[in-house]
Amino acid sequence: MKIWKRARQVVVESKNKLSSQPQPQPQSQSQSPTPTPTQPELKPVSLASIKDELKDIDDAVFKDYQTKEGLVTVVYLSTLIDPLILHKAIILPLVNDQGEVLKSFDAMEGWNKQKILMSIVNGNTVIYHHDKLQYLKAQTFSPPVRAISSSEMESSVIGPQDAFTESLNTNLSLIKRRIQQTGLKSKEYTIGTETNTKISVMYIEHLVNDENLQRIQDRIEKLDYTGFLDITMLKQLVEDNPFSPFPQYGATSRPDVAVGSLLDGRIVIAMENSQTVMVCPSSFIEMFNSSEDFYNRWTTATLLRILRFTGFFITIMLTPMYISALSYHPGILPFELLIMIQESRSRVPFPPVIEVLFIELVIEILREAGSRMPTKIGQTIGIVGGIVIGTAAVEAGLVSNTLIVLVAVSALLSFLMPNFLMSNASRFVRYIFILAAGLFGLLGQMLALAWLFNHLLNLTSLGTPYMTPVIPRSWSDLRDSIVRFPLAFLQKRTGMSRAKKVNKPTK
Amino acid sequence: MDVTKKKVLNGYHVVFLVQNIMVGMGLLSLNNSLSPVGYGQWWLPVLFGLVANATLIPIIWLALQYKDDDLFDIHEKLFGKWIGKTLNSLLILYATVLFAAVIQNYLDLIQSTALPGRLMTGHLILFILLTVFIIKGGIKSLARFCILTFFLTGWMIYFLRWGIAEGEIRHLLPLFNFTASEFWDATKKGYNTLVGYELIMFYFPYIRKPEKAFKHASIGIWLTTSFYLAVTIVGVMYFSEWQLEHVLFPVLKLFQAVDLAFVERIDTFGITIWVFLILTTAGAYLWTAKKGMDSVRNKNSQYHIYVMAVMTYIIINLPISQLMRKALYEKIFYVSYGLILWPILLCLLHLVRRKKKEAKK
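Chain order of the listed sequences is A and B. Quick note: the first sequence uses our numbering, first residue 1, plus one each step. Quick note: the second sequence uses our numbering, first residue 508, plus one each step.
So that you can see chain A by itself, here it is in the shape it has in the complex (with noise of 0.2 Å):
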């Protein structure tokens, strides 16, 4: 059986185009056998039953009111519902009893029980007519919402600062206010056999990849997951790879982000109560991309990409190297620096390994205690932890002056990314590193450097390449990767999104 609802109390586009859309099936053990919607009403729904089924649920309402039409009763969540609305849509035109008035809802003729269920589970409104044996909805649901205020994880000085919230409606609305044309498309599919999620999978339809609209569509209508609580965890599902520490598509909490990406061809994909949506397909490079980038003057955007980019080398590089150069390569050091470093490590006891995991695990320790703490709390354990254990480390010979300021150094150069998930990967990669390098010194390294760089270019998003435009190369993406060029060259859409016009419109 296929179950389908919606609560839009917005502007509601393409009705019709939505009821032919395949959905996955819940497989919720409150189903009993219904009728299928090409045999309707073989027996009508009672009230009766639909009030057993809302039993124990202490904000649905049943309320009776007496019209000229005869008898009624209105059902609905109230704690999904905003008492004004309701009294002003609903509860005074009943009251006042203008005539006519049960016609101006929605009939809900052929409707099984299940189905009005979930309507009122969405946030509807349901009106039972007890003359006329008729249900009725009103388009009520209005949960409370989070203002639209900046972005915490994506901050930028310059362009626009408005930033995703936790609702559906108010996302779509954010990008709809950007695209206003016909041709962007936002479908709608409800995940998660528990939950019932909403999420929206919008494109614009004359220029995205149909072949990888398909694949992404297939995959969600795939999926077979309890709940979802966040995009992300929808992402790791329908990702090419999983057991990659890589994060394969996109997120952003901005909405200028999202359309970007929706005008290069890309599918955009918001969840209720999610404060990201995310981007598919995305390739490894975007993931150094902000979109301030884009406010810049390309010669500073430029400086910084680089900036970032060679950050992520150097952060899963440096610590590494500090091992093998001490324990497997003095020579590579010149020697004055070699001196010195060896004066600042000639307290600690430990082989360069150890130290460096010690330290390294220290500051993970750290920023994850202080992310985790309330905001005041967290700066405060933040700097004392990080002054006074980083000195008091020095002082007990656990570790080397050097060392500290190196292990500082690519905390700050993997925190440089704008996208939270692939600083993460940094991180992580890092740890294979130092492991490879306090195993088997500069071979290690370079053995690992082997594995990530092949990890990576076997790695694919939605089936396109992830190390797209260097490998497979496409020359005019390399306007757009490392290099920001001024805009007047980006002409085209990159190869990644394999979109159905390559070129930008111009004049």
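Fair warning: there could be bad hints in the mix.
[What the hints assert, rightly or not] In the DSBU-like style, the derived pairs of lysine-lysine whose C-alpha atoms are separated by at most 35 Å in a straight line are:
{"no.": "1", "chain 1": "A", "residue 1": "K501", "chain 2": "B", "residue 2": "K513"}
{"no.": "2", "chain 1": "A", "residue 1": "K88", "chain 2": "A", "residue 2": "K185"}
{"no.": "3", "chain 1": "A", "residue 1": "K500", "chain 2": "B", "residue 2": "K696"}
{"no.": "4", "chain 1": "B", "residue 1": "K514", "chain 2": "A", "residue 2": "K500"}
{"no.": "5", "chain 1": "B", "residue 1": "K719", "chain 2": "A", "residue 2": "K492"}
{"no.": "6", "chain 1": "B", "residue 1": "K514", "chain 2": "A", "residue 2": "K492"}
{"no.": "7", "chain 1": "A", "residue 1": "K504", "chain 2": "B", "residue 2": "K716"}
{"no.": "8", "chain 1": "B", "residue 1": "K833", "chain 2": "A", "residue 2": "K501"}
{"no.": "9", "chain 1": "B", "residue 1": "K574", "chain 2": "A", "residue 2": "K500"}
{"no.": "10", "chain 1": "B", "residue 1": "K867", "chain 2": "A", "residue 2": "K492"}
[What the hints assert, rightly or not] With the Cβ distance kept under 7 Å, some of the chain B side facing chain A (calculated, not the full set):
{"no.": "11", "residue": "G644"}
{"no.": "12", "residue": "V782"}
{"no.": "13", "residue": "L786"}
Honestly, the hints are just simulated from the structure, not real lab data. All residues carry an ideal CB built from backbone N, CA and C; glycine is no exception.
Once you've looked at the hints, dock chain B against the given chain A.
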């Protein structure tokens, strides 16, 4: 994934596959292996390039006659099932031993330069595992890795700058100051640095535009040749004749001439990053061995890679004397010379068979 498709290699994939498989350990000791001809050696890479390009002609011609077959299939078609399979088994052995030779030569060098006095078992296992990891993605994975390797290691040519600065340009002349036997000696030893392009016979069926393969492979060959030419010229300028003859890895010495403020011994760095070049070469031979196994057993299986890897590990750890091993590894390069010339014979055989067929008609 692209792995399932048959035709996966674009033109640039072919260029870099040819280029990277050729560059292996050979380059490191190029000046040394060409030393019989003394200072006259610097133009030999060009000659080798010409020879390589000439021998490429029968290879590609033969491959074009059998567009969808690799050398293993061609063997079976030309010689029949049994002789073909025997030849293929020999080829597998050849590829495996070369794989082992490439790895072990490199690890020996690492052991003597970068990691003195350490046991290399761990490195060896890691190395083989990594090659397996690369090969698991198929030939395209290897091709992509080759492109990356080119950009990761190609810039090292810049290090030759210091060699030029300290070198003596007069060493380049006279050109032909050697005897025929010296020349023969140098060619015999030096040509193995170019070995590797013959593997195109094995990945030819995967090339998307086979008609253009000759052009792309030639570009690959000349890319390598230009690298070699640069190294030999600088080597000749920088070293004395005695050094050329006695320094086993002149390129490492050239690295040591580099004078940077933040790194003292760039040669350690250079030799470890060389691992990328070794990985591509070793990977190509492992892939060939795997393909051979597939064709002999008439079955495509990823397990063949593991079998080959284990076999290589056993070969490397065989309890035979160092001398024997060295002889084996040197001889195996002569086998590759044979393999490069082998297609000429196959071409003749192919023509004879075609004539016969036409006569029958």
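Practice task
Starting from the hint list further up, note which numbers the structure goes against and sort them upward.
Solution key: The structure conflicts with hints 3, 8, 10, although it agrees with all the remaining ones.
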